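Given the coordinates of chain A, work out where chain B should sit on it, guided by the hints.
Note that the protein sequences, when read in sequence, are chains A and B. Numbering-wise (this note's numbering), the first sequence opens with residue 1 and increments by one. Numbering-wise (this note's numbering), the second sequence opens with residue 501 and increments by one.
These are computed hints drawn from the structure, not numbers from a lab. A portion of the hints provided could be inaccurate.
[Unchecked claim] Part of the chain B face toward chain A, derived, beta carbon under 7 Å:
#1 A508
#2 L514
#3 L542
#4 G543
#5 L569
#6 V570
#7 Y572
#8 F576
[Claimed, not checked] In silico contact screen, one side only, chain A against chain B (beta carbon under 10 Å); selected entries:
#9 P306
#10 G307
#11 V308
#12 G317
#13 Y423
#14 G431
#15 I437
#16 P456
#17 V457
#18 P458
#19 V471
#20 V472
#21 A479
#22 G480
#23 L482
Owing to the predicted nature of the structure, the values given are computational and were not obtained by experimental measurement. Note that the Cβ used here is the ideal one computed from N, Cα and C, for glycine as well.
In case you want the letters, here they are:
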Amino acid sequence: MSEIEIKRGIGLSYGIILALNGAFGIEFFVLLEHSTFLAGPAVVLSLFLCGVITMITLFSYCELGASISRVGGEYTFAKVAFGGFTSFLTGWMRWLSSVATIALAAAGFAQFFAYFFPANASLVSILLVVIFTFVSVRGTKEIDIITVMTFILVFALLVALGLQKVLETGGLQNFMSLQSFMPKGIPGVLASIMYSFSMFVGARAVVAGSPQMRDPKRDLPRAILSSIAIITVLYCSVAFIVVSTTPLDQNLTQPLLTYVAENIMGPFGGLLMTIAGLSAALMSLTTTMMVQRSIIRGLSRDGYFPGVIASSESKVGRYLSVGIGSIIAILLSVTGLIVFIGYIASFASLMVFALVNLSLIKIRRDRPRMDRPFKAPLYPYTPMAGVVLTILLLLFIERSALLLGLEFIIIAIIIYHLKMVGYHRLRLAVGGVNLGISGITALITYMFREGTISLPVPENFKEEALILVIVVSLIFLMAGILNIISRKRKEVQLGDASFT
Amino acid sequence: MGAKNALASLVGLLQIFIGVSAIVFAYLLHYNPSYLEVRTLLGLREEYVAFFFLVLGVIGFFSIISGILVIYEWSFARKVSYE
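With the rest of the complex left out, here is chain A (with noise of 0.2 Å):
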């Protein structure tokens, strides 16, 4: 990855608000109800268990964006760790979390967006994403200070009106017997932390930040780690309330923070929640668009995809960077399955985690003498627990959430080992297949005019049938032929002094 020269006047209160401003996106407003329904009034451990965890994992960012202040984040520390297949496969799950949160973010303002129009989810998914797609490529501003305090102060309020509501009408109760407090028992908290981790890891967009602070290597650590604390103790609040002010055993037809809100607050609360998780889907599209285009452009650029879509001279390379994830969000964000998303989000983050630990523990042991200004305590443990406890909850994914992710895993394997081939060796078998499917189209053709063969084709249709093979077939001997000439390239010698 080409060192790119980077302005540093990031400091400690806006590495925070960095943080901060990853972490509250739209995944804690739609994700807070199924978690609800996985662990019941115990969904407040359950949160808090998240935020231990992702602290523990942190502590690995912490050590290594401290020690390898360069852009790439998770890529880079896998890329030094291990190299090769680790480290796409790190950037390759990182992206796919990012989308899952781009889908999520479009399902999830189409939710809020009906409480003011009743419109068609789906479409407003497809519109959102269609519209930041172009918004991405011609560049946004910076969230602001504003935004995160706005959050804050939202949130602060619904604990502060909802407590006074909890001790006037007395809904502790729910906490007061361990069945009512667990009703699905351990294997229901284990599956809503799985479920609730992306809530939590947006925390880390910092690191991404990292060669821009002033001070990474004392300000990087205490950003994140008061983040974490801030948000734990802010969503551990808030589910408080709710779980102790909403029956759970309802249907809303409304988001469940709205509901609450509404509940505590009256009509401007359901209306100031509305507006929040409208703002919270925006800002997550924001981040995770800029995000996910990041990432595609450093795979590029390290050949794992064309070329064209690491240049930033390129237009088409430009919309590429950003299309190829919003075509998947979109696919994605259609089917509405809020729940189905949420899983793959959380699957991904937590491979990502897997890893960047497994990162950790393999540059620990292979470089001793390199500089650490930050040293995750509890070496090792800290990272074999992020590594165990980050399996041990994808066991607690749904399994269709799980076969998507393996597929996506089978992808990536594709796709690194067609780049261990190279692409002009690619282009060539590509061709190959080409003419020989063109062959075996015209033979089939030749043997069913014949008659030997008999083909499932309508007696009136015989002849367009005919027809159209034949079309087919000589557009595939064309591709072929195509692909395996190729264009006449200017050659410069490696000894030429222009190019040395």
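Chain B only, in chain A's frame:
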């Protein structure tokens, strides 16, 4: 744009179109939506559906990849190679 480049773009686009059509057709064969009844229209026996679905799916994906490679090579790839 030279004649070769134009031809390559055309062939690439046609291959992508064939690929997408093959995948859509494979989907229609597999799910056989009631408003189209593709299987009945073709008189296709149930046991052959999986085979055609697989063949059309694989050829469809391959065709899209090949089309993209042709367009990329002849329209976007750099004109200079370093030996």
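Taking the hints in turn, this is what the structure says about them:
1. Look at A508(B): its Cβ gets to within about 5 Å of chain A, closer than 7 Å, so that hint holds up.
2. The beta carbon of L514(B) comes within 5 Å of a beta carbon in chain A, closer than 7 Å, and the hint placing it at the interface holds.
3. At about 4 Å, the closest approach between the beta carbon of L542(B) and any beta carbon in chain A falls short of 7 Å, and the interface hint on this residue holds.
4. Restraint check, G543(B) versus chain A: the minimum CB separation of about 6 Å is within 7 Å; hint holds.
5. The beta carbon of L569(B) comes within 6 Å of a beta carbon in chain A, closer than 7 Å, and the hint placing it at the interface holds.
6. The criterion of a C-beta within 7 Å of any C-beta in chain A is met by V570(B), whose closest approach is roughly 5 Å, and the hint holds.
7. Among the interface hints, the one on Y572(B) holds; its C-beta lies about 6 Å from the nearest C-beta in chain A, closer than the 7 Å criterion.
8. Proximity of F576(B) to chain A holds as hinted, the smallest CB-CB distance being about 5 Å (cut-off 7 Å).
9. With a least beta-carbon distance of about 6 Å to chain B, the hint placing P306(A) at the interface is held under the 10 Å criterion.
10. The criterion of a C-beta within 10 Å of any C-beta in chain B is met by G307(A), whose closest approach is roughly 8 Å, and the hint holds.
11. With 10 Å as the threshold, the beta carbon of V308(A) comes within range of chain B, its nearest partner Cβ sitting at about 5 Å, so the hint holds.
12. Because the closest C-beta pair between G317(A) and chain B is about 9 Å apart, less than 10 Å, the hint holds.
13. About 8 Å separates the beta-carbon of Y423(A) from the nearest beta-carbon of chain B, less than 10 Å, and the hint is met.
14. For G431(A), the shortest C-beta to C-beta distance to chain B is roughly 8 Å, which falls under 10 Å, so the interface hint holds.
15. Nearest Cβ of chain B to the Cβ of I437(A): about 7 Å, under the 10 Å cut. The hint holds.
16. Given the 10 Å rule on beta carbons, the hint for P456(A) holds: about 4 Å separates it from the nearest Cβ of chain B.
17. Annotation: V457(A) was flagged as interfacial toward chain B, and the flag holds, the nearest CB pair being 7 Å apart, inside 10 Å.
18. Proximity of P458(A) to chain B holds as hinted, the smallest CB-CB distance being about 7 Å (cut-off 10 Å).
19. At a threshold of 10 Å, the smallest CB-CB gap from V471(A) to chain B is about 9 Å, leaving the interface hint in force.
20. Given the 10 Å rule on beta carbons, the hint for V472(A) holds: about 6 Å separates it from the nearest Cβ of chain B.
21. The restraint placing A479(A) at the interface with chain B holds, with a minimum CB-CB distance near 5 Å, inside the 10 Å limit.
22. The closest approach between the C-beta of G480(A) and any C-beta of chain B is roughly 8 Å, which is under the 10 Å cut-off, so the hint is satisfied.
23. With its C-beta approaching chain B no nearer than about 5 Å, L482(A) sits inside the 10 Å limit, and its interface hint holds.
Of the numbered hints listed earlier, not one is contradicted by the structure.
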